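Chemist: All chains, full assembly: derive it from the sequences and hints.
Note that our numbering gives residue 1135 to position 12 of the sequence shown, counting from 1, and the numbers run on in steps of one.
Worth flagging that the hints you see were computed from the coordinates, not collected in a lab.
Treat the hints with caution; some may be incorrect.
What the hints assert, rightly or not - Estimated spans, in silico, between C-beta atoms of each pair: (1) Gly1157 to Phe1231: 17 to 23 Å; (2) Thr1204 to Ala1177: 39 to 45 Å; (3) Ser1156 to Asn1210: 37 to 43 Å.
Said to hold, decoys possible - Result set (DSSO-like, lysine-lysine): computed pairs, CA atoms no more than 27 Å apart in a straight line: (4) Lys1185 to Lys1172; (5) Lys1185 to Lys1142; (6) Lys1247 to Lys1142; (7) Lys1247 to Lys1172; (8) Lys1259 to Lys1247.
Computed from a predicted model, the values in this text were never measured in an experiment.
All residues carry an ideal CB built from backbone N, CA and C; glycine is no exception.
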Amino acid sequence: MHKAAPDSARHDVMRLRQKSMWHGFEYELLTPSGTVVGGCSMPTFSQAKNARLAVHAPGSNKGDVQIRIHGETWLLRHEYTRRGFLNDLRYTLESPAHEVLCSAEVTFESGRRLPVIRMTVPVKAEVMPSTSMWRKRYPVVGPSGSVLGEIYEPRLFMLRFEYGVRLPAASPQLQAFVLAVALFVRH
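Modeler: Okay, structure coming up:
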């Protein structure tokens, strides 16, 4: 008799896992088989593109998150789109030449408990609130309301933080971008 694959192994595309439970600034990007294909490095002090108080020198990438996949490096940057009690943000994944590959808006809307994550480039989609009580599962829906994929926690108990993404038609860069934005906004 054929045995079904475990839930976390089916249609897995990419996972983001904390490298060490003692260090929250380094993450690994993994394939479903557990092979490390890249990483995500957080700066000690992140700086927005339109920061009022600049800590890093103008033009410096020291305040940007670096995402590495298959030997290539991209910059995950953010900027404020609306400042107030709760700030709205725009996250972008950029090449070293500052060409935007992916973009997402994070907005706080009245009547919603969590901020809304809306991807705008290269696909239009929204990351919905978790549909599960114990393990987090965030559906990713398109403009028509159809489910494109999901972001999920693979296990209930973990010593190191880990998220997985199921977006079958997405590029590795888009998958890594969605995982990193979900880490910043939902964790």
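Chemist: Are the Cα atoms of Lys1247 and Lys1172 separated by 27 Å or less?
Modeler: This hinted pair holds, its Cα atoms lying about 23 Å apart.
Chemist: Given the proposed pairing of Lys1185 with Lys1142, does the C-alpha separation stay at or below 27 Å?
Modeler: holds (20 Å)
Chemist: Mind checking the hinted window 17 to 23 Å against the Cβ distance between Gly1157 and Phe1231?
Modeler: violated (36 Å)
Chemist: With the threshold set at 27 Å, check whether the alpha-carbon distance from Lys1247 to Lys1142 stays at or below it.
Modeler: This hinted pair is violated, its Cα atoms lying about 31 Å apart.
Chemist: Is the distance from the Cβ of Thr1204 to the Cβ of Ala1177 consistent with 39 to 45 Å?
Modeler: Violated, since Thr1204 and Ala1177 (Cβ atoms, about 18 Å apart) do not stay within the stated range.
Chemist: The hint says 37 to 43 Å between Ser1156 and Asn1210; measuring C-beta to C-beta, is that right?
Modeler: holds (39 Å)
Chemist: Next pair to validate is Lys1185 with Lys1172; report whether the Cα-Cα distance is within 27 Å.
Modeler: OK: Lys1185 and Lys1172 at ~12 Å, within 27 Å.
Chemist: When you check the alpha-carbon spacing of Lys1259 and Lys1247, does it fall within 27 Å?
Modeler: holds (22 Å)
Hint compliance for this structure: hints 1, 2, 6 are broken, all remaining hints hold.
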